[in-house]
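Residue numbers (this note's numbering), protein chains in the order written: chain C, 8 to 260; chain H, 3 to 274.
Be careful, since some hints might not be right.
Okay, the calculated bits of chain H under chain C, using three or more residues with CB under 8 Å as the criterion [unchecked claim]: (1) 138–145; (2) 209–215; (3) 256–264.
Pairwise CB distance ranges (calculated) [claimed, not checked]: (4) 135/C to 78/H: 24 to 30 Å; (5) 125/C to 89/H: 40 to 46 Å; (6) 226/H to 71/C: 38 to 44 Å; (7) 7/H to 225/C: 53 to 59 Å; (8) 225/C to 186/H: 31 to 37 Å; (9) 50/H to 135/C: 57 to 63 Å; (10) 74/C to 69/H: 40 to 46 Å; (11) 13/H to 38/C: 39 to 45 Å; (12) 125/C to 93/H: 53 to 59 Å; (13) 78/H to 125/C: 40 to 46 Å; (14) 68/C to 7/H: 56 to 62 Å; (15) 124/C to 245/H: 30 to 36 Å; (16) 74/C to 230/H: 32 to 38 Å.
Calculated from the structure, these hints are not laboratory results.
Ideal placement from N, C-alpha and C gives every residue a C-beta, glycine not left out.
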Amino acid sequence: MNACGLDLNAIRFSYPDGRPVLGGLSLSLKPGSKLALVGANGSGKSTLLGLVAGLLQPQSGSIDIGGLTLCKRNLKEARQRIGFVFQDPDDQLFTGSVYDDVAFGPRNGGLDQAAVRERADAALSTVGIADLADRPPFRLSGGEKRMAAIATVLSMDPGLLVLDEPSAALDPKARRRLISLLSSLSQSMLIATHDLELALELCDETAILFGGAVEAAGRSKDLLADEGLLDRCGLEAPLSVRACPVCGKRAAR
Amino acid sequence: MRDPSRTLAAFYTVDELSRRHSPVHDRHPLALSATTAAFMVVIASFGRREVSTILPLFLYPCLTLALADVRPAELFRRLASVAPLILAIAALSPVFETAPVRVGPWTIAGGWLSFGSLVVKLTLTVTAAFLLVATAGMGGVARGLRAAGVPRLAVVVLQMTYRYVALLLAEVTTMTRAHELRSGGRRGVDRSVLGPMIGGLLLRSYDRAGRVYDAMSLRGFDGEYRVGQASRFGVPDTLYCLAWLGYFAIVRLVDLAEALGRIANRLAGGML
Chain C
8 MNACGLDLNA IRFSYPDGRP VLGGLSLSLK PGSKLALVGA NGSGKSTLLG LVAGLLQPQS
68 GSIDIGGLTL CKRNLKEARQ RIGFVFQDPD DQLFTGSVYD DVAFGPRNGG LDQAAVRERA
128 DAALSTVGIA DLADRPPFRL SGGEKRMAAI ATVLSMDPGL LVLDEPSAAL DPKARRRLIS
188 LLSSLSQSML IATHDLELAL ELCDETAILF GGAVEAAGRS KDLLADEGLL DRCGLEAPLS
248 VRACPVCGKR AAR
Chain H
3 MRDPSRTLAA FYTVDELSRR HSPVHDRHPL ALSATTAAFM VVIASFGRRE VSTILPLFLY
63 PCLTLALADV RPAELFRRLA SVAPLILAIA ALSPVFETAP VRVGPWTIAG GWLSFGSLVV
123 KLTLTVTAAF LLVATAGMGG VARGLRAAGV PRLAVVVLQM TYRYVALLLA EVTTMTRAHE
183 LRSGGRRGVD RSVLGPMIGG LLLRSYDRAG RVYDAMSLRG FDGEYRVGQA SRFGVPDTLY
243 CLAWLGYFAI VRLVDLAEAL GRIANRLAGG ML
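Excised from the complex, chain C in its bound form (with noise of 0.2 Å):
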């Protein structure tokens, strides 16, 4: 599938006990872009996700997905637009094999055996680790059980990829291949994540979420860079755009 677009609208959504989390949140992705969604806990980051993949309904405004206004009766035709990895791949990962898991989204999508077999294989290929096709997921480490959620993502061939935490709990290999991955695919891509170093590595834009609405969005090296705008909203500049606590100078991006 193309790369998706993504156009969020006035975004409004509580939670059922009252408690508000996005108040008027619009935000614009361009199809084969990479957006990194950042934010303090609490920010509305996971909220904003599940509002994308249609879990949760906004209560107000609208989410379009690749030309396609996500609404109760489109919802199978837009998820299939969506690739979305859970922060925890144990979510993800419920059958008994790693191939079942990434088979298991064409198996719905009403493929046929053979054509089942392409897609897994290429997604397990894709992601490194077609050999660990037939080991239950239960047996794999952090950072392959992370490669196979992608893995069950990718096979369905989506054209918009939303990410929530990638690289929480990865070793800095796991990580490394990780964002090789990300960076290597060809799909639009939304990622919450509170590591600024693969926002600034991965993204070429970057919107900031604070107090349930976009603080600030544009170039990842420029938002990441501003201490003061990060300080405000409760997070703290990736270390390659400090400057050196002796010399004072910057790191040349």
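With chain C's structure known, arrange chain H on it following the hints.
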């Protein structure tokens, strides 16, 4: 209490066993499910005091274990975990059936025969169920049940329950580990903590099950748990079914143990 992480590992081991290839694993799930169902029906059809007539049925699990290359220890471990339940069910028989019966030169309470029969029947039933899941896999069992015409909803409920058990065990493992690390080396869970722990466990597992369901919905789950297509039901599958069904019929109609005893007696008499 057994370490829940080991229980969880044992649970997943069955999934791993089912992914092997062997003359049994390669059979169509319907053939395996139908054979197991027939085996259980035959077991249930024996009288409540029959023991020796049932014994030849042990050939089925023994041969399946050997052909499927499943280590007997895997089976014994699971039998050991259900043994207290089996014995508890069977133990009531000698209490209520006190009428004496003759067994060879001995006179015993009839309940002991019922006890033996129940233990053998339950052991064979549990063994057959384990072997079915260890060879066909839960997905295979589901395919077999659907092919046999079992309603979709019932099959989905069975599969979801199976997966929920794994999820529950994972949560139990996490919670008991967290408890152990802060219990100051005391064994077991204090009664004052047990209630909140069970409540917390249910809430956590409910929450987790919700997230797993979301992950399934986002990948097109519409109420049918699709586990791939099985290969065609071929001649080897038919022969497999016919061979075992034939054997079960012989065991049911002919007292093989007695017949073998008579033959042995005759041979012994001839030699004398």
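Results of checking the hints against the structure:
no.: 1; hint: 138–145; in the structure: holds (count 3)
no.: 2; hint: 209–215; in the structure: holds (count 3)
no.: 3; hint: 256–264; in the structure: violated (count 0)
no.: 4; hint: 135/C to 78/H: 24 to 30 Å; in the structure: 39 Å, violated
no.: 5; hint: 125/C to 89/H: 40 to 46 Å; in the structure: 52 Å, violated
no.: 6; hint: 226/H to 71/C: 38 to 44 Å; in the structure: 30 Å, violated
no.: 7; hint: 7/H to 225/C: 53 to 59 Å; in the structure: 47 Å, violated
no.: 8; hint: 225/C to 186/H: 31 to 37 Å; in the structure: 53 Å, violated
no.: 9; hint: 50/H to 135/C: 57 to 63 Å; in the structure: 59 Å, holds
no.: 10; hint: 74/C to 69/H: 40 to 46 Å; in the structure: 56 Å, violated
no.: 11; hint: 13/H to 38/C: 39 to 45 Å; in the structure: 44 Å, holds
no.: 12; hint: 125/C to 93/H: 53 to 59 Å; in the structure: 56 Å, holds
no.: 13; hint: 78/H to 125/C: 40 to 46 Å; in the structure: 42 Å, holds
no.: 14; hint: 68/C to 7/H: 56 to 62 Å; in the structure: 45 Å, violated
no.: 15; hint: 124/C to 245/H: 30 to 36 Å; in the structure: 32 Å, holds
no.: 16; hint: 74/C to 230/H: 32 to 38 Å; in the structure: 33 Å, holds
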